[in-house]
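Engineer: Letter by letter, the chains look like this.
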Amino acid sequence: MPPVHPSDSRFSGRSPRLSASRRRFLQLSGAALSGAVLTNCARNIGSGSTDASPASPASSSGGGDNTLHVYSWSAYIDDDLLKSFEQETGIKVVADIYDSNETMLAKIQAGGGKQYSIIYPSDYMVGQMAELNLLSPIDKERVPGYSDLLAQWKSPSYDVDNKDSIPYAWGTTGLVYNTEVLTKPVTDWSYLWDNKKQLSGKMTLLNDVREVMGFTLKSLGFSNSSKDPKQIEAAYKKLAQLKPAISSFTTDGWRDQIVVGDLLLSHAYSVDGIDAMASNPKLQYVIPSSGATVWTDTIVIPKAAPNVDAAYKWIAYTINPETAATVLARLKFATPNRKTLELLPKELRENPALIPPDAVLKKCEVLANVDTATDLYDRYWTQLTSG
Amino acid sequence: MATSAPLPPVPGAHSSTDTVAAKLKRKLVSLIQPTVLLGPAGIWLFLLLVVPTLMILELSLIPGFRPGEPAGAYGLGNYTKIFELIDGQPIYLWVIARSVLFSVGSMLICLFLGFPVAYWIAIMAPKRWQNLLLVSFVLPLWTSSLLRSYAWITILRPTGVLNSLLGVFNLPPVDILNTQTAVMIGLAYNYLPYMVLILYSSLEKLDQRLLEAASDLGATPQQGFWKVTVPQTLPGIAAGCLLVFITNLGDFVVPELLGGASSMTMARLVYNQFLGATRNWGFGSGLSMVLILGVSIAIALLLKYGDQKAEDF
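If you're matching them up, the sequences are chains W and L in order.
With my numbering, you'll find the first sequence wraps up at 387, consecutive numbering, no jumps.
With my numbering, you'll find the second sequence wraps up at 313, consecutive numbering, no jumps.
The shape of chain W in the complex, shown without the other chains (with noise of 0.2 Å):
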């Protein structure tokens, strides 16, 4: 929400004593401002629900042939490979950024499918996005390099044959520790429930119901992406046990605080894991022994995409393994492609943090899309962040 700004008239030829009307126009301005303010927020939330609302302001050039509209999470874009592209292919790229795959999803409902010819949704929200039928096949003969997919990437649980998507990038999700205070080396998620008095209110969580839900339920036996209502009971019950030394529940918030020492140990994503790791050599990222998430970013071509064959283009420049190895190496993310793997440097290859053994990745699961569950998992979410 934006902050309100008073209007200049307050003090601009402010006369030294204001009349009683005057004053009660202050009051009622006041008021009224407050009140647009807080409806524009319930509207800014809800105007994507009808398509009559307008996708976005650029969404009048998205037909020009030689413009590429690409929605993207920020990681993946840069000048230098938006410059690179069209300096190779004539194509000018127009690049979008979202921090949520719901955010997105919000907005491709709203119209914007019509405008994007490129949008990088992770697993769960390739499946949710292909039940609302909002994906196009992806034809294989024009992805050059498709066979070099690692064996894992070739048919994964949300995609199957990757029939609307094509896997771009991936990482884990696991636990960020400082060792230097944490002695003992943390191994599992159990560490956190052992551990609970050290750890408490010195610890954080990722703010993503699945995530967190999906890790404890691994530490259960469960499957991360479980529908059962008693393993979701079981799992938010164990939560319920380590909430009072949880200090919050951040995707970001945790990084310069793990860094300087206020905190011990956050759960993470590989990438920022990784990242942090380079900041204090002190912190350490593991993924732990019962098995983590692990999350894959996807390159897919909306149903309504303008200029599918920049579309194409576009995947086949961002793909080949010299490009991706330079993009990836810089990202910290791990590659689900044979000989973009070879092209990454040896530290980053063999740093079984980014790229961890078989043994571990085997007992990784990716998260599902649980369908009418996710009502369970919300209701339960609220009372673990509210109680």
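Because the hints were derived from the structure by calculation, they are not lab data.
The C-beta atom is built at its ideal place from N, Cα and C for all residues, glycine as well.
Ranges between beta-carbon positions, derived for each pair:
1) Val168/L / Ile97/W: 38 to 44 Å
2) Lys92/W / Pro70/L: 37 to 43 Å
3) Ser200/W / Gly75/L: 43 to 49 Å
4) Lys127/L / Ile97/W: 46 to 52 Å
5) Ile297/L / Pro244/W: 33 to 39 Å
6) Ser289/W / Val135/L: 58 to 64 Å
7) Val308/W / Leu113/L: 57 to 63 Å
With chain W's structure known, arrange chain L on it following the hints.
Structural biologist: Relative to chain W, chain L alone:
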């Protein structure tokens, strides 16, 4: 509009029809003129406030509506869900109660910090400094509220500015980041300038002769304050409190950044329904309507209360 000026009465048969036409014309102009000026704002409000609110109202009447899925029949399911018990706890009501608690708490902090400041600027500070003082008080608003909240993280965290200062004076450190106290501090800080502005405009009108009269009649300064100053500024206090209360109620950033693991508020809950994993837009709309209703009641109270008091003067 010179042509519409009344013509001087001319003797003749057709003069009466002229005046009728002129009258009609004047009436028409008086009807159209305000519409021309109010039109743009009216259209703006109608298209961007009234219509979307009605859309939210409609969504809120479809239980469990999710975009992309066939909409069910109309019903009140989204509203009854607010009273739902989970493990015997009315969790959604708790969320609403927490939002109200945060709002009231920070409103009181704003009032107790803001009143002395406004009093000082309006009555005791040299007149020529008043504008400068007011501007300096509003200056923090020129920074994004997001950045201001991040600044509080730096101040309140365990090894932050506050604890370093306490350490200098050999005082024990406090750990208030990620607590409800932190949320109230953050909210109060964000909305204090509004409180000060409104109280200032109210206090500046204070009739100081009444205070002198009170003291002539033997009132102590305390009595003078409570029996003269406070009653006269009551509309300002009410307006300031309600403004802070209303804006706090919908604040999303501060509880999110400073509140820690138990900081779910209305705004956050609504956000989760729309952009979280559940995507239950129906329930989210229901919650939004409850929030809009609560705020409307507060504004209605303000209008009524403010009116009466203003007429008393």
